[in-house]
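Asker: Sequence:
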Amino acid sequence: MRHLIAALSCAIALAGPAGAQQSGTVVELYTSQGCSSCPPADRLLAQMADRDDVIAIALHVDYWDYIGWTDDLARPEYTQRQRAYAQRWNAKNVYTPQMVIAGAVGVVGSDPGAVMNAMAVHRNTASPIALEVLRRGDGLHISARAIGDVPAQALVQVVSLTHSVTRNIERGENAGKTIDYRNVVTGWQNAGIWTTAQPARLSVPLDHAGPVVVIVQDGTSGPILGAVKLP
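With mature numbering (1 follows the signal peptide of the UniProt record, and there is no 0) applied, the sequence shown covers -20 to -1, 1 to 211.
Be aware that a few hints might be false.
[Claimed, not checked] Computed Cβ-Cβ distance ranges for the label pairs, DEER-style:
id	residue 1	residue 2	range
1	Q60	V88	18 to 24 angstroms
2	A177	W69	27 to 33 angstroms
3	P92	D45	25 to 31 angstroms
4	P185	P92	34 to 40 angstroms
5	S16	G128	38 to 44 angstroms
6	A177	P20	41 to 47 angstroms
7	D129	R151	47 to 53 angstroms
8	P179	S144	31 to 37 angstroms
9	K157	D118	24 to 30 angstroms
10	A106	R68	21 to 27 angstroms
11	S17	T175	39 to 45 angstroms
12	Q27	S3	18 to 24 angstroms
It should be emphasised that the hints constitute simulated quantities derived from the structure, not laboratory data. Even for Gly, the Cβ is constructed at its ideal location relative to N, Cα and C.
Let's have the full structure, built from the sequences with the hints guiding it.
Answerer: Okay, structure coming up:
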């Protein structure tokens, strides 16, 4: 169910600090177990995942499954998210490995120079929202307010992660390799639409005990306005 977020609806009382939340530039890696070009990008994302100023997440896509190995971490909705970026940017196709930086630009995910250059641009851009997230019981409590230029509405998304996954690839382009994946996306929930003229307070049920990221974005494929990760 989608919730309209406004000051007079979905209101909750937030007590205490937001906890050990981490903010930073969101880096989305679109990858696949069946892609021979992806392991260098997977390793680069793993390095970035340990940085305090980066929220690194790996989304496995399913369009390489036909070449001999089915990626059990892939979901069609992650492929659709990547295609939505491509459509917004008038790109002719999607590819792996691709890193999307702050929802604003896509680069070859195995090219450290291109990735770092794109990150440098967005790291110096202040977030236009103040975002706090608290995990309490079986839910998340999210509060946000605009402190800069923002669109009239923004999409609040809750992303569930698995910290580390190892796979032994038996067939396909990576046959015989053992690959470690970090911050693998295992769930993506559109939690609500925030009308940004008023502060937002939202309570979202959550049955995931692992790391979680809250992303506030201009639609499903626009620039990311702010993000917070909880361990």
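Asker: Do the Cβ positions of Q60 and V88 conform to the proposed distance bound of 18 to 24 angstroms?
Answerer: holds, 21 angstroms
Asker: Please test the hint of 24 to 30 angstroms on the beta carbon pair from K157 and D118.
Answerer: violated, 38 angstroms
Asker: Between the beta carbons of A106 and R68, is the distance compatible with 21 to 27 angstroms?
Answerer: holds, 23 angstroms
Asker: Within 18 to 24 angstroms: is that where the Cβ-Cβ distance between Q27 and S3 falls?
Answerer: holds, 19 angstroms
Asker: Okay, P92 versus D45 on CB: inside 25 to 31 angstroms?
Answerer: holds, 28 angstroms
Asker: Determine whether the Cβ-Cβ distance between D129 and R151 falls within the hinted range of 47 to 53 angstroms.
Answerer: Because 49 angstroms falls inside the window, the suggested range holds.
Asker: Would you say the C-beta atoms of A177 and P20 sit inside 41 to 47 angstroms of each other?
Answerer: holds, 44 angstroms
Asker: Are P185 and P92 spaced within 34 to 40 angstroms by their CB atoms?
Answerer: holds, 39 angstroms
Asker: Between A177 and W69, does the beta-carbon spacing fit 27 to 33 angstroms?
Answerer: This hint holds: roughly 28 angstroms between Cβ atoms.
Asker: Take the C-beta atom of S17 and the C-beta atom of T175, compute their distance, and say whether it sits inside 39 to 45 angstroms.
Answerer: Because 42 angstroms falls inside the window, the suggested range holds.
Asker: Just to be sure I understand the hint, the distance between the Cβ atoms of P179 and S144 should be within 31 to 37 angstroms; is that true here?
Answerer: holds, 36 angstroms
Asker: Lying within 38 to 44 angstroms: is that true of the beta-carbon distance S16 to G128?
Answerer: holds, 42 angstroms
Of the numbered hints listed earlier, the single one contradicted by the structure is hint 9.
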